[in-house]
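A.B. asks: Those protein sequence lines, which keep their order, are chains A and B.
Numbering-wise, the first sequence is residues 5 to 202 according to the numbering used here.
Numbering-wise, the second sequence is residues -17 to 593 according to the numbering used here.
No wet-lab data here; the hints were simulated from the structure.
Incorrect hints may have been included.
Said to hold, decoys possible - Restraint-style ranges between C-beta atoms, simulated for each label pair:
no.: 1; chain 1: A; residue 1: Gly38; chain 2: B; residue 2: Ala331; range: 50 to 58 Å
no.: 2; chain 1: B; residue 1: Asp274; chain 2: A; residue 2: Asp121; range: 24 to 32 Å
no.: 3; chain 1: A; residue 1: Ala138; chain 2: B; residue 2: Thr220; range: 31 to 39 Å
no.: 4; chain 1: A; residue 1: Lys10; chain 2: B; residue 2: Asp274; range: 26 to 34 Å
no.: 5; chain 1: B; residue 1: Gly(-7); chain 2: A; residue 2: Lys133; range: 27 to 35 Å
no.: 6; chain 1: A; residue 1: Lys133; chain 2: B; residue 2: Pro341; range: 18 to 26 Å
no.: 7; chain 1: B; residue 1: Asp79; chain 2: A; residue 2: Ala119; range: 33 to 41 Å
no.: 8; chain 1: B; residue 1: Ala247; chain 2: A; residue 2: Lys178; range: 34 to 42 Å
no.: 9; chain 1: B; residue 1: Asn108; chain 2: A; residue 2: Lys133; range: 20 to 28 Å
no.: 10; chain 1: B; residue 1: Met345; chain 2: A; residue 2: Lys9; range: 30 to 38 Å
no.: 11; chain 1: A; residue 1: Lys10; chain 2: B; residue 2: Met345; range: 28 to 36 Å
no.: 12; chain 1: A; residue 1: Lys133; chain 2: B; residue 2: Glu209; range: 51 to 59 Å
Said to hold, decoys possible - Cβ-to-Cβ under 8 Å is the rule here; a few derived chain B residues that face chain A:
no.: 13; residue: Thr128
no.: 14; residue: Thr316
no.: 15; residue: Leu340
no.: 16; residue: Leu343
no.: 17; residue: Met345
no.: 18; residue: Ala391
no.: 19; residue: Asp392
no.: 20; residue: Phe393
no.: 21; residue: Leu394
no.: 22; residue: Lys553
no.: 23; residue: Ala555
Claimed, not checked - Derived pair list, reagent style DSS-like, types lysine-lysine, alpha-carbon separation capped at 27 Å:
no.: 24; chain 1: B; residue 1: Lys39; chain 2: B; residue 2: Lys465
no.: 25; chain 1: B; residue 1: Lys519; chain 2: B; residue 2: Lys553
no.: 26; chain 1: B; residue 1: Lys264; chain 2: B; residue 2: Lys249
no.: 27; chain 1: B; residue 1: Lys275; chain 2: A; residue 2: Lys114
no.: 28; chain 1: B; residue 1: Lys306; chain 2: A; residue 2: Lys9
no.: 29; chain 1: B; residue 1: Lys264; chain 2: A; residue 2: Lys114
no.: 30; chain 1: B; residue 1: Lys(-9); chain 2: A; residue 2: Lys178
no.: 31; chain 1: B; residue 1: Lys561; chain 2: A; residue 2: Lys124
no.: 32; chain 1: B; residue 1: Lys511; chain 2: B; residue 2: Lys465
no.: 33; chain 1: B; residue 1: Lys553; chain 2: B; residue 2: Lys465
no.: 34; chain 1: B; residue 1: Lys296; chain 2: B; residue 2: Lys264
no.: 35; chain 1: B; residue 1: Lys553; chain 2: A; residue 2: Lys114
no.: 36; chain 1: A; residue 1: Lys184; chain 2: B; residue 2: Lys33
no.: 37; chain 1: B; residue 1: Lys561; chain 2: B; residue 2: Lys519
no.: 38; chain 1: B; residue 1: Lys296; chain 2: A; residue 2: Lys114
no.: 39; chain 1: B; residue 1: Lys249; chain 2: A; residue 2: Lys10
no.: 40; chain 1: B; residue 1: Lys33; chain 2: A; residue 2: Lys114
Note that beta-carbon positions come from the ideal geometry of N, C-alpha and C, so glycine has one too.
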Amino acid sequence: MSDVKKVRIFMTGVGGQGTLTATTLLAQTVLAQGLPVTSGEIHGMAQRGGVVESTVLIGCKSPKIGLGEADILIGFEPMETMRALPYLKQGGLVVSSIEFMPPLAVAMGKQECPAIDDIKKAVSACTDKAYYMANQTIGLEAGAVQSGNVAMLGAVCAAGDLPFGPEALEAAIKANLPEKIQAVNLKALELGVAALNA
Amino acid sequence: MANPLLNEKGGDTHLLLGNEAIVRGALEGGLQVATCYPGTPSSEVPDTLYKLSPGGKYYFEYSVNEKVALEVAAGATLAGAATLCTMKHVGVNVAADPLFTLCYVGAPGGLVLLSADDPGCHSSQNEQDNRIYARSAGMPVFEPSTAQEAKDMARDGLKLSRKHGQPLLLRTTTRVNHLRGPVEFGPAPDPGKVEGFKRNPSKYVPIPAFARPMHLALMERMEALREEAENSEYNTVTGSGKLGIACSGISRAYVADALDNAGLADKVTLFELGFSYPLPEKKCLDFIKSVDKVLVVEELEPVLENDLRVLAQKNKLDIEILGKDVLPRHGEFTVTLVENAIREQLGEAPVAACDCPLPELPMRPPNLCAGCPHRGTYFAARKVFGDDAVYSSDIGCYTLGILPPLQTADFLICMGSSISAGGGVAQASGQTVVAFIGDSTYFHSGLTGVANAVFNSHDVLLVILDNRTTAMTGHQPNPGVDKTVIGENDHPLDIEASVRGLGVTEVRTVNPFNQKKTLAAFEELKALKGVRVLIAKEPCPLYSRRVYKKVAPQVAYVADSCAGRFDCLDKLACPAMFKEGGKAAVNPILCNGCMLCLQVCGHIKAKKRGS
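Required output: the full structure, derived from the provided sequences and hints.
C.D. replies: The following block contains the structure:
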């Protein structure tokens, strides 16, 4: 186990966003590369619009990521990116959406979401390796809003911190997703990689 | 393509959820009967068995509660069937009555009881440690830490249980149930026919005269199982350092990663217990004698720690055994937490703490979904009773009614307690009590509470929130449903008839989205005394979409005339609604078209979905 370089990926989003589907797809990608993978998810009450946190770990036995342990943080919603920052290792990679899904108290006008610039500032205090993208817009452009998650995975693969690139994710999409949604997700992958390089 | 979980041949490797791995393991172990009551984090085990059941070679049922599930399982194993019974940790409390005696009677066909414990209370009301049940009742315990082990232990657990005729506890925790990892499949041959029950009253009927020798026989079986634990491949000692680490369950994963991170593997002797009870005493003694100090790494209760302390004392070994004095007795561990505990014992500096500050952000508490019928019921209850009633809640999605503005959950004990504990409040204090219970929970353990309330003349208004499914845990069927993901329910039970059958005379059934009628029914029942029941009947919208293929044709929108009073937002807290500028607005993608908000404010209108 110890001869494989450990990579811990922490993913966070809002219940119903498709975070868990993306998590499984990434874990399948790692497995297909012949690497030891374990992945975890916490749901239950979270399915009712709460926070969903999930993990993919390469070269580890535990499915859990503690504070300060994540090499990569993928935030499918910007406020959740900020909430999960304490899980990030100093100097780790952040890929985050910039499109808010306001929680109820915000929607009701009782509390305010931080501005996207506040979030970027908080991130930059922990790392200078951060990428931001409009994942829902990209998803819609690819053909389905949920595919924005795959766009973000594509960006993570292209960022160079994983032991494989976007082509591994492309193969996993072809091998694991139902045929009728493959094209949309392959398009999303392409757009995600482009967004990283933009 | 057939589901690979049902493949009779082995050899393939699949990425599986821990709970799916348990299913595969049970099939490899020759599963013939499976029973359950769903409960997170165990639910995907029965859900997977249910979905596969049309093509599987086993009998499966969702039982009405855990006690019944274990009793059906008990009958099945007595008839010779290799049996799996699944539930969450608190479910074992419900099943505890048959469990203790079943351990006397035994399990001729083999019986694995899955107890999915929940350190950290991710989706539960407590953190109880069910390894203690096993010690009290007399069951061997397997504690997997990976998806592969979850599969292997479900298989080997069934076989071992059958070999010794003793029920076995497969004890997982949330992280194991909900991890994903590669699993290499073994063969899963057709288990064939169940042998059938063989009459033997002295063995199977625990009247006192028979129960006494049964207890002795149980202890003998457990001694034989202790020998199995001594020789089990699931119990391993590695390394040769002077610090000994003993661990079981998911803690083994944390220890492995911690040692790897810290590069300290050569400084410890690691004792991993996958088959953790009965305690393999010889192996434990050898381990204790080989080290200078022992650190026990286990989540929740000091179960293994106390076992080792007793063993050391019995053998007059003067050795320091650490556990709960350096590691917490509550919640989940992390790799870093475990790593620091190990570092401390080895005199190493702790891992540098993370200095990213915890941000102050709006919380994102789970909420009743857009279009949830419970919102309509709660809104009406609050309108009629306000803060004058004590709201007795129960286990299910509807507990989320606790949040403002609905605030209709004042206390909660366990499944089915709403009616009975509500009766307790009413009888003790004379306060007005409105109790809420879901349809599945009503069949689980609400029926007995209603019988009790009627018999003892309690003064309670019980609201049965009938959303036609068990929504919280993932839409499992219960006796009241008419349709499921794999077909019709041949014998749907009528809740209203059952309530009347239990002696309740004042029963009303309403659709909670019809506020006028719901309010009128509440007012009418408020004026009466004794046990009254209001059935609020309307399907869960998520279930409706999936099973009935029904989507409301309309969505709500806020007319330009909106005066910005925000009654809709403040009183309903529907996740589809938000403030935009000085006005309320509805997100048409999230709106499920329940039209409750139209009845709260005249400025909200309906339009055709998509227009």
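A.B. asks: Of all the hints numbered above, which does this structure not satisfy? Sort the numbers upward.
C.D. replies: Hint check: 1, 2, 3, 5, 7, 9, 18, 19, 20, 21, 22, 27, 28, 29, 32, 33, 37, 38 and 40 fail, others pass.
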